[in-house]
Amino acid sequence: MGLADLTITDAAAGLRSGAHSSLDLTEAVLDRASMTEAEIHAYLTIDRDAALGAARAADAELAAGEDRGTLHGIPIALKDNMCQRGVETTAASQILAGYRPPYDATVVTSLRDAGAVLVGKANLDEFAMGSSTENSAYGPTRNPWDPGRVPGGSSGGSAAAVAAGSALGALGSDTGGSIRQPGSLCGVVGMKPTYGTVSRYGLIAFASSLDQIGPITRTVDDSVALLEGITGHDPRDATSWAGDYPDLRSEIDKGVAGKRIGVVTEFAGEGYEPAVTESLSRTLDQLSDAGAEIVEVSLPTVELALSAYYLIAPAECSANLARFDGMRYGLRVDGETTEEMMARTRAEGFGPEVIRRILLGTYALSAGYYDAFYGQAHKARTVLRNEFAAAYEKVDVLMSPTSPTVAFPFDAKSDPLAMYLSDVCTIPSNLAGDPAISVPVGLDPQGLPIGVQVMAPAMAEPMMFGVAKTIERLAGFDARPTMLEELA
Amino acid sequence: MSDTATWEPVIGIEVHVELATRSKMFCGCAVSFGEDPNTNVCPTCLALPGALPVTNGRAIEWITKIGLALNCDIAEWSVFHRKNYFYADLPKNYQISQFDLPVCHDGWLDVDADGETVRIGIERAHQEEDTGKSLHLGDGGRIHAATETLLDFNRAGVPLVEVVSRPDIRSAVQARAYAQTLREVIAELDVSDARLEEGSIRFDANISVRRGPNAPFGTKVEIKNMNSFRSLEKAVDFEIKRQIAELEAGGEIVQETRHWDEESGVTTSMRTKEGSSDYRYFTEPDLVPLVVTPAWQEEIRATLPELPHQRKARYIDLGVDPQTAGALGSADAMLRALFEETVAAGAGPRSAANWITGEVVAWMRREDVVGIDVEASAIAEMIGMIDANELSTSAAKDVLDGILRGEGGARQVAESRDLLQMTDTGAIESAVDAVLADNPDAVERYRGGEQKVVGFLVGQVMRATQGKADPKAVNGLLREKLS
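The listed protein sequences correspond, in order, to chains A and B. The opening position of the first sequence corresponds to residue 217 in my numbering, with each subsequent residue numbered one higher. The opening position of the second sequence corresponds to residue 207 in my numbering, with each subsequent residue numbered one higher.
Since the hints were derived computationally from the structure, they do not count as laboratory data. Just so you know, even glycine gets a beta-carbon here, dropped at the ideal spot from N, CA and C. One thing to keep in mind: the hints can contain errors.
The following residues of chain A were derived to be distant from chain B, with all beta-carbon distances above 10 Å [stated by the list, open to error]:
(1) D240
(2) N297
(3) R452
(4) A588
To spell it out: a stretch of chain A is covered by chain B in this simulated footprint if at least three of its residues, at any positions, have a beta carbon under 8 Å from a beta carbon of chain B; those stretches are [to be verified]:
(5) 416-424
(6) 542-550
Label-pair distances were calculated between CB atoms; the ranges are [as the list claims (entries may be wrong)]:
(7) A:S250 / B:G405: 56 to 62 Å
(8) B:P495 / A:T481: 34 to 40 Å
(9) B:P495 / A:H449: 34 to 40 Å
(10) B:T353 / A:G364: 23 to 29 Å
(11) A:R572 / B:T212: 52 to 58 Å
(12) B:W283 / A:Y585: 47 to 53 Å
(13) B:T212 / A:Y585: 27 to 33 Å
(14) B:P495 / A:A583: 39 to 45 Å
(15) B:F435 / A:E556: 37 to 43 Å
(16) B:W283 / A:R572: 31 to 37 Å
(17) B:P243 / A:A313: 23 to 29 Å
(18) B:G405 / A:A559: 50 to 56 Å
Put together the whole structure using the sequences plus the hints.
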């Protein structure tokens, strides 16, 4: 265990007690990266000099008594679909190779304002489309718990960096589970906030009505701390929540006594690994012992969620990705005519999964098919939202596995449909726009981490964090990837 | 064989109006023309990765204003859609527009054409954004022959309102009148530069012909690139004739877009539409629904100015003849203010309107000035003097010239220029006598039955009195003396 393995909370305390400096933390994280990156490949870009500069600046400010809060001086990784001024931002796509945005995403501005040290840009499935980070045009990220396996995705680089100690926390984006599923597969906490509470300005869009940025951290307390740094109204994002924001810490230590916890009955059975189901059962027993009431809740429409998602998300992406045409930035492959240039650029610049989804979405929106596909999917989304709302009349939170499986080997899911099933438990929260969090609770017999998911009504993050922290405490999960033990 | 006269043209017009808001529709870039290319741009209007749109509230206020002026219903709740198509000057490769829930719908506009007033239905007015501009270098400035194309995104994202008429227009003259009247309304609302030559108002016409008013609609053809009201009228006229000729010859009309060529005066095929284009419209997920509350709508309604057709009706009520009322209703604000003030200063509205739309405008044209600084009371005074027989109409034109040159009030000018009508009957009589004495031939011809020669004699007396005699009195006196 070294400085790179500290929680954000402990690292922040140490900065103030004088136990270490931000430079110490940042160097520790960069050193760790230099040891792990060759194998893990969590990052697409590491901005070493800028990170060290930011760390020195943070140390100077803290020394001068200018304390910006918990994230001040903390090394954080950004998923590479968030624009950072002057730093190559590719969304792991060939079509954006070499692209340096002229502006910062709002979350980047927020992290800078909070004094965080931006270490680099983490790998992802191209344009956040995937559940394994195998779809990165720059090569996959490997799972620190077993480099023969995927870290999950699409925020696989962010989750792997946090698990490996090459960042103390990271931002991911979650469109159908892309924070929570890699969180679960990498044994870290992954949290998707209520839609609209974290600005999407500067997040390279996959599916606008579903995308949400959130924290990936080692603990629930860290999740709260990192979310606090990025949440809030942004006038540059029209879908940003303009009302009051709750105090995220207000229920963190309230426990679960008297809470009603619903278990979604549809998320079990075929396709769910026994160790995953058992971990959830054990967690529920612990919560029950701690005073929570556990009830079974059926949400029949979640069976349709995957289908609805794979129409809505591709439909939105088919338009969102239309701007990558070789005209103004990024890759350009010349052609005889403008149209030919655009077509060639897109054919060469996008990977197969991105092309698959653009085609799927274009088809779903086409005249004559709209009603049968996109229109129906929207109706299913509305029904699902109503079903969630009705469930929350009866229970405080809902729980399920985060992922039906633990981390799987590379190339294990070459059938896209099998891969899509990885997100079956996480997609419903995106369709509903509600917050959800994955908390690691244990290891399977192969030593691979397992997470459980807590879902809550919109803006009920404080309660959700309270339940999540209780789960974390009861699980006592403190295992570390073996590769880190070997490093030490 | 068929009779050409039985064909009825059916025309609908789409008008694109660029709003003159300070900033663009979905970002903070300035709306400004004539700047260096690609200077009014930002991540949002260049469609950089990650950039998002935010709706310009002023544009929504203004489209609501347009809708109210066009007697539309205003949707309390409307929605932006993405209209998907790839084009080099469309940065996102989709346009944020509106589809099935526009801000304004079901209105109408009354249009005067060929001496009658026609009510043209307005199907909808929706909010969207403009594209960038392509500059095709090489032969003729058209895309097909271009050797190189440059793109300027300064215009990309400028607020655009599309007003879609119902297919209620039945002639090229009506088409022109509709477009002109709509432009007048837009100009009056002060929401757009409303200049055709700069493209801040653009027209497309959908034209078909059918056999009489009860026949089903024919196949429609869309005409683009009409840059003036005159070319709109000519293009529509040409296209109607082309379609009739085609059908008369046993041919078929192909649904297509045609380009109006101003120089050769013909429309030529641009591209054939395969059915209707599939724009794959879907709700814009980056924006929330647009809400125009009834309270806001009423606030906006309260800011509506008097519109040209409303003014025309009011002027007619005041006694102005309809044609002059129409001209004055559409005249510029300075002339209208002059009219209102002249009437307020006591002049009869009919005379005031005639003088202002007639002689004042003619004087300005002659002198080549766009504005005049004149006291309305001087013109009212002049009209009063005419009514009191103190000024002849021709002398009054001289007086007006003096007034407009700043020589003072009407009486002052009339006196200094010695233009007051002769009230001294003795003086008129001696002038008449003198003219009769000088023109024995004319007198002879009159007496020989050539009545019209009296006009010549009146003219001679008027000249002798330098226009100051009352022509009516002169006429009477002459006839009396000649009989």
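Handout entry: Non-conforming hints, listed in increasing numerical order
Key = 2, 3, 9, 10, 12, 13, 14 and 18
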